[in-house]
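Asks: First to last, the protein sequences are chains A and B.
Mind the numbering: the first sequence is residues 1 to 98 in this note's numbering, read in order.
Mind the numbering: the second sequence is residues 99 to 196 in this note's numbering, read in order.
Simulated from the structure, these hints should not be mistaken for lab results.
Worth double-checking, as some hints may not be accurate.
Claimed, not checked - Some chain A residues close to chain B (C-beta under 7 Å, calculated; not the full set):
| id | residue |
| --- | --- |
| 1 | Glu4 |
| 2 | Leu5 |
| 3 | Ala6 |
| 4 | Ile28 |
| 5 | Gly34 |
| 6 | Gln36 |
| 7 | Leu40 |
| 8 | Asn43 |
| 9 | Val51 |
| 10 | Phe86 |
| 11 | Val89 |
| 12 | Glu93 |
Here the structure is a predicted model, which is why all the values come from computation and not from measurement.
Just so you know, even glycine gets a beta-carbon here, dropped at the ideal spot from N, CA and C.
There are 2 protein chains.
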Amino acid sequence: MILELAILNVVEDRAEEFEKAFAEARSIISSMPGFQSLELGRNLEHPKRYVLLVRWQTLEDHTVGFRQSPEYETWKSLLHHFYEPFPSVEHFEPILKA
Amino acid sequence: MILELAILNVVEDRAEEFEKAFAEARSIISSMPGFQSLELGRNLEHPKRYVLLVRWQTLEDHTVGFRQSPEYETWKSLLHHFYEPFPSVEHFEPILKA
């Protein structure tokens with residue numbers, strides 16, 4: 001399992017609209033091969049700031065399977081205009097749990 | 099539930115030592131009141147970079163219960179010297195899942 005992590009900063013006054021669009025976009029990503037789970041969290045200290053955690057079976061399920069799919073174009077058109085600055089995405093391999 | 103998130107950058111050549119110390123420190127945090135789960139992930143693109151995700155019942159379980167406990171002093175002495183720069187910690191409230 002690979003964890004995709006992105007910190008999302010949403011432009012002023014559009015947080016509510018972003019959350020609605022995300023609820024719609026969720027069905028796109030969750031139907032992709034290799035998708036395992038998704039969690040969106042709202043920052044307690046900075047309410048326009050979010051964390052997106054997506055778990056994929058393999059790295060390529062995200063970087064190739066999802067990002068090069070036609071579905072990604074719909075995902076982008078629903079969400080990418082909310083971000084300022086545009087987020088960087090990182091991938092992590094779980095090594096320890098409790 | 100509240101998600102604590104920290105990106106941890108470990109000083110050059112000490113990643114292996116850090117992971118061992120973390121495995122030891124894990125039992126400290128996981129015995130604290132309000133602790134729910136912990137996950138440590140290693141960045142695939144930058145192997146000295148980690149993400150720490152800790153789930154707490156409430157924000158205060160982390161900020162007061164853990165950080166003001168005697169156990170936190172042991173946690174610090176095991177781990178804090180590995181970080182460069184010293185990490186900032188953020189808290190998120192989960193709002194959406196899939």
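Asks: With reference to the structure, classify each hint as holding or not holding.
Replies: Structure-based check of all given hints:
Interface hint status for Glu4 of chain A: violated, as the beta-carbon distance to the closest one in chain B is roughly 10 Å, over 7 Å. Using the Cβ-Cβ criterion of 7 Å, the hint placing Leu5 of chain A at the interface with chain B is satisfied: the shortest such distance is roughly 6 Å. The criterion of a C-beta within 7 Å of any C-beta in chain B is not met by Ala6 of chain A, whose closest approach is roughly 11 Å, and the hint is violated. The interface hint given for Ile28 of chain A is broken, as the beta carbon of that residue sits about 10 Å from the closest beta carbon of chain B, more than 7 Å.
The beta carbon of Gly34 of chain A is not positioned within 7 Å of any beta carbon in chain B (closest approach about 14 Å), and the interface hint is therefore violated. Nearest Cβ of chain B to the Cβ of Gln36 of chain A: about 10 Å, over the 7 Å cut. The hint is violated. Because the closest C-beta pair between Leu40 of chain A and chain B is about 4 Å apart, less than 7 Å, the hint holds. For Asn43 of chain A, the shortest C-beta to C-beta distance to chain B is roughly 6 Å, which falls under 7 Å, so the interface hint holds.
Checking Val51 of chain A against chain B: minimum C-beta separation of about 5 Å stays under 7 Å; hint holds. Nearest Cβ of chain B to the Cβ of Phe86 of chain A: about 17 Å, over the 7 Å cut. The hint is violated. Given the 7 Å rule on beta carbons, the hint for Val89 of chain A is violated: about 10 Å separates it from the nearest Cβ of chain B. Here the hint on Glu93 of chain A is kept, as its CB sits about 5 Å from the closest CB of chain B, short of 7 Å.
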